[in-house]
Each structure stands twice: as structure tokens, then as C-alpha cells.
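Student: Sequence:
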Amino acid sequence: MVGTGEVILRRTWPQRLVILLCLAVIGGSLAGAWFVQTLYEGLRDVPRVAFAAEVLSVDPKPGEPVNFLLVGTDSTRGLAPDDPILIARDIDPEGRSLADVIMVLRVDPTAGRAWVLSIPRDLYVDIPGAQPNKINAALFLGGPEKLVETVSGVLDIEINNYVQVDFLGFRNLVDVLGGVPVWFEHPARDLGSGLDIATAGCHVLGPEQALAYVRGRTYQEWIDGRWVITGGDDFRRIERQQDFLVLALDRAIERGARNVTTMSRLLEAATDAVLLDTRLTLAELLELGQAFADFDPENLQRYSLPVWTDYRDDGSYLGERLLVDEAQPILDVFRGAADLVRPADVPVVIVGDDPAARDDAALVLGGSSGFPIADVRSVPDGPSETTVVHPPGALDAALLVARYLDPVPHVVESSGVDEVTVVLGDDYRGVLFLFPTPIADLQAAIVAAGPVPDLPDLATAVSVTTTSSTTSVAPATTSLAPTTTAPEAAADTDPPADGTGVAASPTTSVTTTTAGIIGRPPEGVSCG
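Mapped onto this note's numbering, the consecutive letters of the sequence shown carry residue numbers 18 to 545.
Treat the hints as calculated values from the structure; they're not laboratory data.
Accuracy of the hints is not assured; some may be wrong.
[Claimed, not checked] Between beta-carbon pairs, the in silico distance windows are:
#1 D413 / D213: 43 to 49 Å
#2 T235 / G353: 36 to 42 Å
#3 D192 / V542: 23 to 29 Å
Glycine included, C-beta positions come from ideal geometry on N, C-alpha and C.
Based on the provided sequences and hints, a complete structural model is requested.
Tutor: This is how it looks when you write it as C-alpha cells:
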């Protein structure tokens, strides 16, 4: 039996996130009075949880960004006594549960942008009023209010609304969608969760297999005649969680979730699946739904916290610790940094010794990317590597500009400039006007770039005329971020039915964003 102090983890899963389905797929039919009434009645029937006034942040004004805390619990509420999930499972007699998925969803209805941050469930933190513990224990120890207090306190992020979903809710939603198509490059299995994919290729995962796919912590693939552990930690599981969300959103839209009838079925499923805070109103959901009616799931920016693994003195596993400095650029997104600085607000000066490079940078930064070009200047000798120089207090603006440059430039502060200044180097390849570098990847790339090169005397730079002064049309071609195409499914021989032939895959570093979508088929191949 679980008591106070450090919570003993039970076998768990990462649930799916109901609120995003609702926010991203509510469509233009919202004007229909019948649908509004249906939505109102559905929300009225959804269980609610009250929070003290100081726990959830003050309601933002209409159109302002909102942070949702999205929580998946290991609650077995509503499951049949013989459900396989209950096998070898310790059920708390008081009905308390752990938070096995913790995500912060930030939505900006004005800009139509959305970001999601996954918090490792084993993140070891200070829990208000309790001993230090893994963050998922906060829900068990003090309910939703304690979890919100812990997340907002540890990460210094305001939480506006709370959404919670359990096992049964996840299954209900997948069932309403008719399953979710997932592409497997190899046969796959997870002995702990029950995932069993016998062949490579496209599989439409029903409620049980979808649950097994996203909850697995011992994920294996059949590669070169043996089972290889390729997803045996929480970080790979987080990637599958986030990418399954995108696939589920795709499926919802494909199945007509912007249609009144289909949306009503999703809402009916959500009624039995979700716990909401008492402050989340129909008007707020309508506003968000209208703002995200045409939202492309591919544009959901996905982040996970950088952490390091800590152990007790006896060598046993303690948990994950936050890499505080590395996490700040990511956390700043959820504090509003991504909302506050936009290209139109950042005048840019272009400096370089190559007229063609100057023209290209001015044309694309000032055209497709939307930065006002304050001036274009020439110097006799440019640096070897591109560098963004910014005045004191303009780091956020400089980082925004740096996201658009290929390769990622150095960033340095100088009181010798009045505006963000791009000093083009010999390595300049172009402007990433379609796919700017994710902010979470930017910091690591800047650090990895090493020392800042010798820069020319910017005070001697001379203003010049460029083609950007007569046209604002972006060139037909410019350098883009490298893309990769998923390989076709490997022609594996049939894997054995038993557990033989298991090998561990090489350890890989964990990134803070996911470049591709796990489960997306190769280009030109349909799935589902």
C-alpha cells in the first residue's frame, strides 16, 4: 500500500490529450445554435475541479495566449475487473492516482500558434508541503491543485486551465476516431504494455493497441533478425506521445471533426473522459475553436525538458533533475517570449563583403520573413562565420533573427550597435524563411559553434543600395533546412513469437524537439 513520503510507482501509461482534439478541430460550424447548445450541454456534464484563487493564474483577456496543464493519470476508473491493464497492478484504496503524463499546452489564438511541453514524470522536484519527490507524485499527494502548484513553482510557468484524462477516456477517443493510423518501419512490440505489431508498414491502431503504443517503456523493433530495444526510456516514450497526438489530430480532421455531427461524437466521448477546472468556460472554448479552425497539426511545436539522471548514494535510481540553464530558452516560450517578439518588431541591419549575400539576406529577411530592413552596409572583409550582433537588452530579438539564418550564427552583445545587426560570414547559406530553427535547438547550436570570430569594425561600414530597395518578392530559391525522407519499411524476416534475440540499441542523445513525426509514412505512401 502506498503511503506518505516517496510514492512507489506502479505500472503506468502516457494518456492522450483530449483538449487538443477539441481545440484544434472545432470548425466553422460553430455558429449553428444547435451545435453551441450541444457543446454547452456537453461541458455542463464534464466533471469539474475547483482551485484556490491563487493557484490558477488570472484569466487572460480575449485573444491572449493561454497555458493549459494537460494531465494523464493512471486511474483505472470505469475499467472492467478483468481488463488486462489491471494485471499485477497496485490500486490505491482511496482512489488516488499518479500523473503519468504531464504537459503544458500554450495556445495563442491571435497568432494561431500552439506549443506543447512534455515534463518527464520522474522529474525530481520540491513539492510544496511535502518531501522532495518525483513530480508525478504531486497529484497523488495533494490532487490537481498540488500538481499545478508544483509545476508552476518549479518551472516558473503560469497555468491558466487544467485538463485531466484517464485510461478509459483515451480509449473512448481513439474508438470515436475509428483508430489512428501509425506507420512502423519494422515489426514492433512492448512486452510491458502489450503492444504487438507483427509486420512493418501501416497499422490502424484501435483503442487497446493505441494505448499500448503510447504507454510502452520497453519498446522493441525487429531489426536485422533480432529484437532491438529502441524506445526503452521515458524520453522516447515522450516522443511517441507527442507525435501520436499529431497523428490523432490528423485522423480527427480526416474523419470530419470540423463537421458538427463528428465533433459532437468527440464531445460525447470527452464528457466521459475529462476532468476540467471550473473556470474553463464555453466562451473560451468557442474562441479557441474558431481561432484554430484551420490549424495544421504539423505546426504544433513540440518540446521536452532537458534533464540529467540522478542516483542515491547506494546507486539506486532517484529521478531526473532539470538542467536549469539549458531549459530557460524552452521555458521562455511558455512564459510568453515567443508571443512578445515578432519579426515585424525587429529592425535589422545587414552587413557583409559579398554583394550577392547582402542582397539575398536583405531580400528574404525583409520580404518573406517579415523583418524591417533598417540598412544594408558594406565592409571590406567580412568574418569567416556569420554573427548576429545586438545592443544590450535585445537578446530575444537577436535570437529571433538567428533562427532564420543558415547556418545558425554566433550571437554576441555589443554597445557599438543600435539595432540587431547581421554580419554575414563566408559560411552564409541563406535564410530559412519557411522553416526557422526551433528555439529549443538554437541555444545548443549557438553554444556548439564555439568562439565568436573576429568581426570587422562596424563603425566603418558603408551603406549600399540593394535589390531589396526596389522589390519585396522573395527569390524563387533560397537555402532551406535539410530534410530527410523516411526509408521504406525494411524487409525483415518474421520475428520469433518468444522473447529471444533481444539487443539494446546504442544510446542516443535526447533532443528538446522532435524533427520528424514518428509514425508518419514515407513520402508518397498513404497510411490509413
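Student: The structure should be examined with respect to each hint, and the outcome stated for every one.
Tutor: Hint by hint, here is what the structure shows:
1. Checked against the hint of 43 to 49 Å, the C-beta distance between D413 and D213 comes to roughly 48 Å, which is consistent with it.
2. Checked against the hint of 36 to 42 Å, the pair T235 and G353 passes, with Cβ atoms roughly 38 Å apart.
3. A hinted range of 23 to 29 Å holds for the C-beta pair D192 and V542, which are about 26 Å apart.
Checked against the numbered hints listed earlier, the structure breaks none of them; every hint is satisfied.
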